[in-house]
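*Asks:* The lines below spell out each chain.
Protein chains: 2
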Amino acid sequence: MTFHERARFPMGFRCASRNVGLKPEARDLTLFASEVDAVAAAVFTRNQFPGAPIVLARETLKGGVLRAIIANSKVSNVATGARGVENARRMAAAAAAELGTDAGKVLVSSTGVIGVQLPVEKIEVGVRGMSADLQDNPLVGAEGIMTTDTHPKALSLSVGSATITWVAKGSGMIEPNMATMLAYIFTDAAFDAATLDRLLRDAVAVSFNMLSVDTDTSTSDTCAILANGLAGRVDEAAFRDALIAGCVRMTEILARDGEGAQHLLRVTVKDAATADDARVVAKSLVNSPLIKTMVHGADPNVGRILMAIGKCTDARMNTSATNAWVNGYQVVGGGERLEFDDAVVRAALTVEVVDLEVSLGVGNASTRAYGCDLTKGYIDENAAYYSS
Amino acid sequence: MTFHERARFPMGFRCASRNVGLKPEARDLTLFASEVDAVAAAVFTRNQFPGAPIVLARETLKGGVLRAIIANSKVSNVATGARGVENARRMAAAAAAELGTDAGKVLVSSTGVIGVQLPVEKIEVGVRGMSADLQDNPLVGAEGIMTTDTHPKALSLSVGSATITWVAKGSGMIEPNMATMLAYIFTDAAFDAATLDRLLRDAVAVSFNMLSVDTDTSTSDTCAILANGLAGRVDEAAFRDALIAGCVRMTEILARDGEGAQHLLRVTVKDAATADDARVVAKSLVNSPLIKTMVHGADPNVGRILMAIGKCTDARMNTSATNAWVNGYQVVGGGERLEFDDAVVRAALTVEVVDLEVSLGVGNASTRAYGCDLTKGYIDENAAYYSS
Numbered sequence: 001m002t003f004h005e006r007a008r009f010p011m012g013f014r015c016a017s018r019n020v021g022l023k024p025e026a027r028d029l030t031l032f033a034s035e036v037d038a039v040a041a042a043v044f045t046r047n048q049f050p051g052a053p054i055v056l057a058r059e060t061l062k063g064g065v066l067r068a069i070i071a072n073s074k075v076s077n078v079a080t081g082a083r084g085v086e087n088a089r090r091m092a093a094a095a096a097a098e099l100g101t102d103a104g105k106v107l108v109s110s111t112g113v114i115g116v117q118l119p120v121e122k123i124e125v126g127v128r129g130m131s132a133d134l135q136d137n138p139l140v141g142a143e144g145i146m147t148t149d150t151h152p153k154a155l156s157l158s159v160g161s162a163t164i165t166w167v168a169k170g171s172g173m174i175e176p177n178m179a180t181m182l183a184y185i186f187t188d189a190a191f192d193a194a195t196l197d198r199l200l201r202d203a204v205a206v207s208f209n210m211l212s213v214d215t216d217t218s219t220s221d222t223c224a225i226l227a228n229g230l231a232g233r234v235d236e237a238a239f240r241d242a243l244i245a246g247c248v249r250m251t252e253i254l255a256r257d258g259e260g261a262q263h264l265l266r267v268t269v270k271d272a273a274t275a276d277d278a279r280v281v282a283k284s285l286v287n288s289p290l291i292k293t294m295v296h297g298a299d300p301n302v303g304r305i306l307m308a309i310g311k312c313t314d315a316r317m318n319t320s321a322t323n324a325w326v327n328g329y330q331v332v333g334g335g336e337r338l339e340f341d342d343a344v345v346r347a348a349l350t351v352e353v354v355d356l357e358v359s360l361g362v363g364n365a366s367t368r369a370y371g372c373d374l375t376k377g378y379i380d381e382n383a384a385y386y387s388s
Numbered sequence: 001m002t003f004h005e006r007a008r009f010p011m012g013f014r015c016a017s018r019n020v021g022l023k024p025e026a027r028d029l030t031l032f033a034s035e036v037d038a039v040a041a042a043v044f045t046r047n048q049f050p051g052a053p054i055v056l057a058r059e060t061l062k063g064g065v066l067r068a069i070i071a072n073s074k075v076s077n078v079a080t081g082a083r084g085v086e087n088a089r090r091m092a093a094a095a096a097a098e099l100g101t102d103a104g105k106v107l108v109s110s111t112g113v114i115g116v117q118l119p120v121e122k123i124e125v126g127v128r129g130m131s132a133d134l135q136d137n138p139l140v141g142a143e144g145i146m147t148t149d150t151h152p153k154a155l156s157l158s159v160g161s162a163t164i165t166w167v168a169k170g171s172g173m174i175e176p177n178m179a180t181m182l183a184y185i186f187t188d189a190a191f192d193a194a195t196l197d198r199l200l201r202d203a204v205a206v207s208f209n210m211l212s213v214d215t216d217t218s219t220s221d222t223c224a225i226l227a228n229g230l231a232g233r234v235d236e237a238a239f240r241d242a243l244i245a246g247c248v249r250m251t252e253i254l255a256r257d258g259e260g261a262q263h264l265l266r267v268t269v270k271d272a273a274t275a276d277d278a279r280v281v282a283k284s285l286v287n288s289p290l291i292k293t294m295v296h297g298a299d300p301n302v303g304r305i306l307m308a309i310g311k312c313t314d315a316r317m318n319t320s321a322t323n324a325w326v327n328g329y330q331v332v333g334g335g336e337r338l339e340f341d342d343a344v345v346r347a348a349l350t351v352e353v354v355d356l357e358v359s360l361g362v363g364n365a366s367t368r369a370y371g372c373d374l375t376k377g378y379i380d381e382n383a384a385y386y387s388s
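Sequences listed follow chains A and B, in order.
Reminder that position 325 of the first sequence reads as 325 in our numbering, one-by-one numbering, no gaps.
Reminder that position 240 of the second sequence reads as 240 in our numbering, one-by-one numbering, no gaps.
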C-alpha cells in the first residue's frame, strides 16, 4: 500500500484551523467540511463517563449523514454535565451557521483537560469566517486538534479513482476501546451507510483497538469516516484493504508519538488457541511497564516476556513450547530463556521500531498490538498536565 | 491493632542471613527455622510461568509441615527449565543438611532477575554454618531477600499468648494474583492445616491481592504461614483480626516502597453493586498511569478519576451519582467535577499517604486497593535492571 508523499483530501473535502484563544498561541480549533452530504459511520469510547461531545455525536450519527466536523483542543468538555452538552450543541450550531448547513450534520469533538467547562463563546466568535480559510492540506486540520502530540498527523492514499485521507491526534490516555482518541477518515468513494459502518468496524478492530500508550481509556475517543461519493463506486475489497492499511499505519504513528515515547513497540502473538487469547496476550505485553522500560533501556531482560505472557492466567498456552523473538532474534525457546549474546539483543532493542513476536504453541490464531516504551517524558507530561 | 515497636519472632522461630557471593557485598541468602515442626499453608503466583522454586514449593506444601525456609535474592530461578527445579531441590537439601531436618520440610524461594541459572554451588557452600547465626531479629532475615527494596520489612504483634511475625520483600513486578512477591508469616499459635489455610486465604484476599505497584504479576509470588504451636491455642477470631491487620499493614509498607514511589496510594471504592465490581474499579484507579502521575505531581487533574472509573466498562455504576474524595475533600459530585480550590486539592495530594475514595452509588459493597505513584525512579530502576 503506497501512501501519498504529501497527504491531500479526497474530492470535495477541505479543512481550516485557527487559534481562537483556548490556547495562548497555537491553533486550537479545526473545521472539516464536505461540499456535499457524506454518508458517515463512527465508533466511540466505551468509557462510562463519555464527554459531552460523545453524547451529542451519538445522537448526530443516528442521522447517518455528515457535512462537517468541528473539533477543538485544550478542553475536552468531559465531566461537565448538562451545561457541557449544551455547549457542544452550541459548537455544532456555530459551525453549521458558518458553513450554511444543518447542525444535525455536524460532528463535534473536543480534546484536552477533563472537568473544565468549555469557553464556548470563544469558539462561536472564532469560527466566524473560517469557511474562507478552507484548504486542501489535511495537516492544517490536524494541527488544530493536537494536545501533547509532537507533530500533526495525516495520511492519504488512492484506491482506484477514489482517495482515502486520515487525520488524527493522540498521545496519552490511550487504550481505545472501540476507537481511538480522535481519528477522522475522509473518502470520496461511494458507500451505503451499512457497508461503511462494517468496513470501519473491521478496520478499527485490527488497528486503533490494538493500540495502547498507557492502558487508560479516554472519555473522548472518536473514530469517524465520511464518504461523500464524489468519486463514485470503487471495488469494495480494494477499499477495505486500503482502509485497514491506513488505519494500521496511523495507529503506528500514534503509538510512536505516545507521550514521551522513543520507540514504536509492535507485539505479534501467533499460534494462539483463539483470536481473543492472542489479543489478551498481545495487550499484556504491550502494556507491561516492565516490558516498556526494558525496551526504553535496551536492557536484554527478556525473562520479562515470559512474565507478561504468563500473567494472562486465562489464556491457553503450551508453556513448554512458548517461543519469543526480538526483531527476529530468538530469545525464548520451549518456555525457557535461551542462552544468547547480550550485545545482539541489546542492539535489537536499540532500533526505533521494536518487534516482539511470541508463539504460544497451541493453535493458529494471531494478532498484533501497538504501543511504545515508557520514559521519563511520560511522567513529565502527566505529573503537571492540568497545571501547565 | 498495636504492632511491637521492634519486630521479634514467635517462640521457636529464628533466622539468619549472609552474603554468599550472589551479590557483590549485600546479604543475599536467608534462612528461617522453627525448632519444631510447624503446620504450614501458602499461596503462590498464578502466573503460568512460575519459577522453579514455586514448582518445588507446591510439592513441598502438600506435606503441610515446614521446619525452615531458605530464600535467596539476586537470581529468581525462573524460566530455567528442569535444571532450575533441580537447583531448587539442591537448595532445599543444603538447608535441610545444615539444620538436621528433612528437605521435604524446607520451603525454597528465590527472587531477582528472571532467566538466569542459579549459582547453586555458592548457596550450598554459603549455607554451611548458618545455623550458628540464627537469631531473634526478623529484620536480619528480611535483609537477605531484598532486591530493589529500599529497606528490610518486618512486623510483629501479640494475640493472647501468641505472637505473629511478618517478613516480606517486594518493590517491583507487583500485582500479586493469589499472593505477593515474598511474604512469610510466623506464629507460635496452634492451628490445624485446614484452618490455617482458610485464615491465610481470607487475609491475603483483602491485603496482598489488593496491592499493585505496576500491574505486572511476578513469576515468584509466595506468601506462606508457619504455625509451630509452641504458644498453644488462641482465640480464632482475635487471631484472624490480627492476621488481617498485619497483612494489610505489610501491604501498605510494600506499596509505599514500590519502585521509585514517593507516595502510598490507597483507593477505597464503596457503594458498589458487588465486591467484584468494587475490586475492578479500585484496581483500575490504583493502576492508572494517569492517576499515579497525578498523585506524583500533586496535579489536581481529578477529572482523570472519572476516566479511570468509567473505563471499567462492565462494572455497574450510577454515572449521575458517582462521587469522589481526595483525602476527605470532595472533588467529584453527581458524576461531574466539582468547582473547588485547586490549592486545597494540591495540598491534599502532597502528603505522603493519599486516600482516594469513590462511591459508585449503586449498592453496598466496598473494598480497598493499595498502590503508589509513578515516578522517574521507577524508570531508572527498570530500564537497566538486568544490566545493573
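The set of hints was computed from the structure by calculation and includes no laboratory data.
Just so you know, not all the hints are guaranteed correct.
[Unchecked claim] The list that follows gives simulated cross-link-like pairs (lysine-lysine, BS3-like), each with its CA atoms no further than 30 Å apart:
id: 1; chain 1: A; residue 1: K376; chain 2: B; residue 2: K376
id: 2; chain 1: B; residue 1: K62; chain 2: B; residue 2: K122
id: 3; chain 1: B; residue 1: K23; chain 2: B; residue 2: K376
id: 4; chain 1: B; residue 1: K122; chain 2: A; residue 2: K376
id: 5; chain 1: B; residue 1: K62; chain 2: A; residue 2: K23
id: 6; chain 1: A; residue 1: K23; chain 2: A; residue 2: K376
*Asks:* Are the hints correct? Go through all of them and say.
*Replies:* Here is what the structure says about each hint:
1. K376/A x K376/B: Judged against 30 Å, a Cα distance of about 5 Å means the pair holds.
2. K62/B x K122/B: At roughly 28 Å apart (the allowed maximum being 30 Å), K122/B and K62/B satisfy the hint.
3. K23/B x K376/B: Judged against 30 Å, a Cα distance of about 25 Å means the pair holds.
4. K122/B x K376/A: Given that 30 Å is the threshold and the Cα spacing comes to 38 Å, the pair is violated.
5. K62/B x K23/A: violated, 65 Å
6. K23/A x K376/A: This hinted pair holds, its Cα atoms lying about 25 Å apart.
Of the numbered hints listed earlier, those contradicted by the structure are 4 and 5.
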